[in-house]
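Enquirer: Take these sequences, add in the hints, and give me the full structure.
There are 2 protein chains.
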Amino acid sequence: MSTLLRQQIEKITPLTDGEFEYILSHFTSRKFKKHQFLVQEKETVPNDFFVLSGCLKAYHVDQDGKEHILQFALSDWWITDYNAYFNQTEATINVDCIEDSEVLCLSLYHREKLCAEMHKIEHFFRKKSNAGYIALQQRILSTLNNNPKERYEKLLQLYPSLFQKVPKKLIASYLGVSRETLSRFSS
Amino acid sequence: MSTLLRQQIEKITPLTDGEFEYILSHFTSRKFKKHQFLVQEKETVPNDFFVLSGCLKAYHVDQDGKEHILQFALSDWWITDYNAYFNQTEATINVDCIEDSEVLCLSLYHREKLCAEMHKIEHFFRKKSNAGYIALQQRILSTLNNNPKERYEKLLQLYPSLFQKVPKKLIASYLGVSRETLSRFSS
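Taken in order, these protein sequences are the chains called A and B.
Per UniProt numbering: the first sequence ends with 187, consecutive numbering throughout.
Per UniProt numbering: the second sequence ends with 187, consecutive numbering throughout.
It is possible that part of the hints are untrue.
Any copy will do: because identical chains look the same in the list, a pair fits if it lies in one copy or spans two.
[What the hints assert, rightly or not] Quick list of in silico lysine-lysine cross-link-like pairs, BS3-like style, CA-CA up to 30 angstroms: (1) Lys169 to Lys127; (2) Lys165 to Lys34; (3) Lys113 to Lys66; (4) Lys42 to Lys11; (5) Lys149 to Lys66.
If you are wondering where the hints come from, they were derived from the structure by calculation, not from laboratory data.
All of these numbers come straight from a predicted model, not from anything done at the bench.
Expert: Put into structure tokens, the structure is as follows:
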């Protein structure tokens, strides 16, 4: 399954078998059960996670106990609390499993080591970070425009596989609308 | 004034005089007047902009003609339509000047050339992109939590200089609240 990671890197830069093996040796593989936490608020965040299989969510719980979903992740996606990970601070969000999941863990130390040793991996992570930045900017724009129906349709169009795995109430939380509002345009 | 750029890069990686001159030779300097556009919706976006002086805003205009502010930029900040810039597509946002501004322009071709030639510049831009990603994620979280007063106070705390340059109605647009709401907790 680690070929998923190789394929993702090779969309941006070619690798020899030896290079990929070396890169992979910096990751550790882990399995998590449905509902299990990978990142928990107030704790440190040693790892970024590349998803091999399953489905996860990153979310914040507000003062009233309401969950706000920041991000989903399916196979071939990355997920963690990036603020806490990059700045080595306490987590302010949680990441847990919507279903059983298998991930490759990359510590910040190993990420920085790989980037320093291999220019092409620094290039890969710069490109991924740029793409992530754009995706968040698009999300902010769609929130500002604040048309939940359009946002729902765009999400469905971009990530049809999400809708097979993720319960509607979580999609509603991601879009920042009530479940009733969602059901008006998703039936 | 280009020392601002050097200082920013050197916060992440040291440069020799020769290296910085080489990097700077890939930028062009431009001055813009208050209200002048740097990026305009539906047009191509050849450049990313490093702000030397002045104050700019990036915003989207919705179907009802309402402006939604995505980002401000003061000196030492970067601004453009990153989706259009990186993917070489049409702009979906505008960038214009809140006051007379001077910027350094970096085309995508020159950015990629510098990153390919100089590992340390690829490293610099990866770090900047990570920081930008985190800032957007924090913004999304604060929007989801949806407490305009807290968001206003955090903005004031993070960027006190914004409040000297930016009219209140633009701050309100950035926070996604009415001017009346803003004036309730900003007086």
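Enquirer: Treating 30 angstroms as the Cα threshold, decide for Lys113 and Lys66: within, between, both or neither.
Expert: Neither: 38 angstroms inside a chain and 46 angstroms across chains, both beyond 30 angstroms.
Enquirer: Within, between, both or neither: how does the pair Lys165, Lys34 come out at a Cα-Cα threshold of 30 angstroms?
Expert: within (12 angstroms within a copy, 49 angstroms between copies)
Enquirer: Can you tell me if Lys42 and Lys11 fall within 30 angstroms by alpha carbon in one copy, between copies, both or neither?
Expert: Between copies, since 28 angstroms is at most 30 angstroms while 36 angstroms is not.
Enquirer: At most 30 angstroms between CA atoms: does that hold for Lys169 and Lys127 within a copy, between copies, both, or neither?
Expert: Neither. Shortest intra-copy (32 angstroms) and inter-copy (35 angstroms) distances fail the 30 angstroms Cα cut-off.
Enquirer: Measure nothing new, just compare the shortest in-copy and cross-copy C-alpha distances for Lys149 and Lys66 to 30 angstroms and report within, between, both or neither.
Expert: Classified as both; 22 angstroms inside a copy, 19 angstroms across copies.
The structure shown violates the earlier hints numbered 1, 3.
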